[in-house]
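Protein chains: 2
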Amino acid sequence: MALRDEMKALAISAQQASRLLANLSSEVKNQLLYRMANAIEAAEQSLQLANQKDLRLAEQNGMVAAMLDRLTLTSERITGMADGLREVAALPDPVGEITRMWLRPNGIKVGRQRIPLGVIGIIYESRPNVTADAAGLCLKSGNAVILRGGSEALNSNRAIGIILRQVLTDMELPQAALQVVVTPDRNAVRELLQLEEQIDLIIPRGGEGLIRFVTKNSRIPVIKHYKGVCHTYVDEHADLKMAEDICLNAKVQRPGVCNALETLLIHRDIAAEFLPLIAKSMGESGVELRGCVGARLIIPALIPATEEDWQAEYLDLILAVRIVDSYEQAREHIENYGSLHTEVIVTNDYHLSQRFLQEINSSVVMVNASSRFSDGNQLGLGAEIGISTTKLHSFGPMGLEDLTTRKFVVLGDGQIRE
Amino acid sequence: MALRDEMKALAISAQQASRLLANLSSEVKNQLLYRMANAIEAAEQSLQLANQKDLRLAEQNGMVAAMLDRLTLTSERITGMADGLREVAALPDPVGEITRMWLRPNGIKVGRQRIPLGVIGIIYESRPNVTADAAGLCLKSGNAVILRGGSEALNSNRAIGIILRQVLTDMELPQAALQVVVTPDRNAVRELLQLEEQIDLIIPRGGEGLIRFVTKNSRIPVIKHYKGVCHTYVDEHADLKMAEDICLNAKVQRPGVCNALETLLIHRDIAAEFLPLIAKSMGESGVELRGCVGARLIIPALIPATEEDWQAEYLDLILAVRIVDSYEQAREHIENYGSLHTEVIVTNDYHLSQRFLQEINSSVVMVNASSRFSDGNQLGLGAEIGISTTKLHSFGPMGLEDLTTRKFVVLGDGQIRE
Numbered sequence: 001m002a003l004r005d006e007m008k009a010l011a012i013s014a015q016q017a018s019r020l021l022a023n024l025s026s027e028v029k030n031q032l033l034y035r036m037a038n039a040i041e042a043a044e045q046s047l048q049l050a051n052q053k054d055l056r057l058a059e060q061n062g063m064v065a066a067m068l069d070r071l072t073l074t075s076e077r078i079t080g081m082a083d084g085l086r087e088v089a090a091l092p093d094p095v096g097e098i099t100r101m102w103l104r105p106n107g108i109k110v111g112r113q114r115i116p117l118g119v120i121g122i123i124y125e126s127r128p129n130v131t132a133d134a135a136g137l138c139l140k141s142g143n144a145v146i147l148r149g150g151s152e153a154l155n156s157n158r159a160i161g162i163i164l165r166q167v168l169t170d171m172e173l174p175q176a177a178l179q180v181v182v183t184p185d186r187n188a189v190r191e192l193l194q195l196e197e198q199i200d201l202i203i204p205r206g207g208e209g210l211i212r213f214v215t216k217n218s219r220i221p222v223i224k225h226y227k228g229v230c231h232t233y234v235d236e237h238a239d240l241k242m243a244e245d246i247c248l249n250a251k252v253q254r255p256g257v258c259n260a261l262e263t264l265l266i267h268r269d270i271a272a273e274f275l276p277l278i279a280k281s282m283g284e285s286g287v288e289l290r291g292c293v294g295a296r297l298i299i300p301a302l303i304p305a306t307e308e309d310w311q312a313e314y315l316d317l318i319l320a321v322r323i324v325d326s327y328e329q330a331r332e333h334i335e336n337y338g339s340l341h342t343e344v345i346v347t348n349d350y351h352l353s354q355r356f357l358q359e360i361n362s363s364v365v366m367v368n369a370s371s372r373f374s375d376g377n378q379l380g381l382g383a384e385i386g387i388s389t390t391k392l393h394s395f396g397p398m399g400l401e402d403l404t405t406r407k408f409v410v411l412g413d414g415q416i417r418e
Numbered sequence: 001m002a003l004r005d006e007m008k009a010l011a012i013s014a015q016q017a018s019r020l021l022a023n024l025s026s027e028v029k030n031q032l033l034y035r036m037a038n039a040i041e042a043a044e045q046s047l048q049l050a051n052q053k054d055l056r057l058a059e060q061n062g063m064v065a066a067m068l069d070r071l072t073l074t075s076e077r078i079t080g081m082a083d084g085l086r087e088v089a090a091l092p093d094p095v096g097e098i099t100r101m102w103l104r105p106n107g108i109k110v111g112r113q114r115i116p117l118g119v120i121g122i123i124y125e126s127r128p129n130v131t132a133d134a135a136g137l138c139l140k141s142g143n144a145v146i147l148r149g150g151s152e153a154l155n156s157n158r159a160i161g162i163i164l165r166q167v168l169t170d171m172e173l174p175q176a177a178l179q180v181v182v183t184p185d186r187n188a189v190r191e192l193l194q195l196e197e198q199i200d201l202i203i204p205r206g207g208e209g210l211i212r213f214v215t216k217n218s219r220i221p222v223i224k225h226y227k228g229v230c231h232t233y234v235d236e237h238a239d240l241k242m243a244e245d246i247c248l249n250a251k252v253q254r255p256g257v258c259n260a261l262e263t264l265l266i267h268r269d270i271a272a273e274f275l276p277l278i279a280k281s282m283g284e285s286g287v288e289l290r291g292c293v294g295a296r297l298i299i300p301a302l303i304p305a306t307e308e309d310w311q312a313e314y315l316d317l318i319l320a321v322r323i324v325d326s327y328e329q330a331r332e333h334i335e336n337y338g339s340l341h342t343e344v345i346v347t348n349d350y351h352l353s354q355r356f357l358q359e360i361n362s363s364v365v366m367v368n369a370s371s372r373f374s375d376g377n378q379l380g381l382g383a384e385i386g387i388s389t390t391k392l393h394s395f396g397p398m399g400l401e402d403l404t405t406r407k408f409v410v411l412g413d414g415q416i417r418e
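Chains A and B supply the protein sequences, listed in that same order. First residue of the first sequence: 1, per our numbering; consecutive thereafter. First residue of the second sequence: 1, per our numbering; consecutive thereafter.
Chain A on its own, in the form it takes in the complex (with noise of 0.2 Å):
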């Protein structure tokens, strides 16, 4: 079968699979992702034979260590994809909830209610415990899932596949509600993207390329994000002390994620006496600091800054520094060089706190916390499936509720419209 007519076939499937879904109590649901977790368990072996073929394969080809252990299905790993199913089966479901019911003056009752959105395409780089984490949170919201990881973890995410999908047959579900996409052909993905009759939205998770490749070829809607370019603004009425904690948190606790500070921006009134603490601190842990004009008056020694260092997303133990004349820099700033996912202020200052939080519109805005809590299971949501920094549908960290959206239903008595 041609490839084009392959992918067609298989989100026709998928689409037929997902009005059973929609349907399944969350007990079923819950069932499925428990007994899933039990069978991912029971074939750590297996599994980790599918794992070592590709892991052989990728070290033919020259992948770097760190890919390499991104790739690795380790004992651990398997164990921590089971027990991620069972955590999203105790999760509340989504699905059904009625968000609000009102009454119109001519007696019909009004609601919106909870409903899957359906058929959800994941296309995923190098980790193959995806597969498993993407496919529990979009069973457990009632959607069916179609999976295209990369290449080079064809075998693990084949394996993982296999045992997921014995397990819907087991309860008598189809299977087509949960595929893997396991052709080597790379013109998959380039087809499923033309499927919007079928496949409701295209989730990418990878790096800038993957998700540039995915936005500027798909006709279904896509919920991306490119970057974390993170500030934290340290005000003039700041608890240095915390000021310093927070940032050091944010900045050296997991530099190489979306949600660590990229760009320190300090009041010139407390910044003689605050970048000393905070470049000595950053700088026993190793975190190299570029400062602009400013920064450098006080600390002559800092490498300067320019322009690319205030785009930069660094993901690194890198660390941009600027002195800022007021808030309303500091909020210019942002809104230059930002990138739409987490910013930060320090103060006591009440007043402000309440300006940040109403001016600045990024998807997650602090006061007074590490921006390391950018995250869906920090913020509370139980798992997360992505991080949107686009506003359509979801902006920030996604949830179970992202997978769905809301139908209107109508209860009437015969009333027909004047």
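In short, the hints are calculated from the structure, not lab data. Wrong hints could be hidden among the right ones.
No distinction is drawn between identical chains; accordingly, a pair holds when it is met within one copy or between any pair of copies.
What the hints assert, rightly or not - Listed next, the in silico BS3-like pairs over lysine-lysine satisfying Cα-Cα at most 30 Å (straight line):
(1) K8 with K407
(2) K216 with K109
(3) K280 with K241
(4) K216 with K8
(5) K407 with K280
(6) K241 with K407
(7) K227 with K216
(8) K227 with K241
(9) K8 with K280
(10) K227 with K407
Got chain A sorted already, so can you dock chain B onto it with the hints?
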């Protein structure tokens, strides 16, 4: 300036204006809309002069009467535009609402707050009143708006734009908040659709050709509505008089709109009684019926329905009729042929009414009411910017709230991540 640069400059200025708009008080936004309404009414003569230019050109180009009618700005329609702006001003402001807030175990409070989307592009066809209607809804929800109407309404749209923008200037607000693209170059839309860094949402309003063009060419998220193939299922336990009233209203009260009834499904056990009844009243209203084999066994004179009839959005006094064996068969028909717009069941069976509401996942599902209520005003949204038959972001009639998104706000007291 090249068209590409011109569109980009326009979108950048809209984005800058959107930051200011996002923080305007409801009072200022309402005053803006009331003053725009007054300005529109005061400018009736000049609007009609501009409109006459469009009408003369359209006549020379041989535009058909129905289209000429849509294009005409009568005195009544100008008052209608002004009243529309006043109605939107009187609606509650969705911006700023904190829809939920919760406490995390570590003491941070997490909430979700409504903010404007940013910059909204509206691509529409001949009706010039869309210029004022869409501008009102976008501005009230704190968004900047870029309006691109049809070339046949260019002079009318330009005139409306000048009037509305003058009010922005009078109130010391940036004109860039409301931009009317009047270049006759047809590539303007294509260029706008590439500006994903500046424009947050595109809403096309018009025929299927326009909508398909926009979807195919846009890198910006699009909320769209292809067509409305609305079904009413008359169950064996329906009150037949109620069913007759509802079906008649849904078909003939305004047949040319997307929420009009297109296919009637009748349970076989009441078909022999109900079909002659509804055929008679439809006939008296000038409706042509096209029936399945079962329907023609009851009324042999019916025109046979073909596969195309089940897919048809007639927008006319034509109705497809099918006799079904069961609720399940009706549901299957809706799943196969529906457009996810609006479906109605007429029944007095409580259990079945609940199954229908639960199992049919069109954007609006109704019990015992006319599908003609599937409209933002009728459902109580206050005003309507469009109807979405895709599920991302909005599903069904869209009001002011659908022109917003939600950011996370986090209130901490020095928390850092372990």
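key: Which numbered hints fail   = Of the numbered hints, 2, 5 and 9 do not hold.
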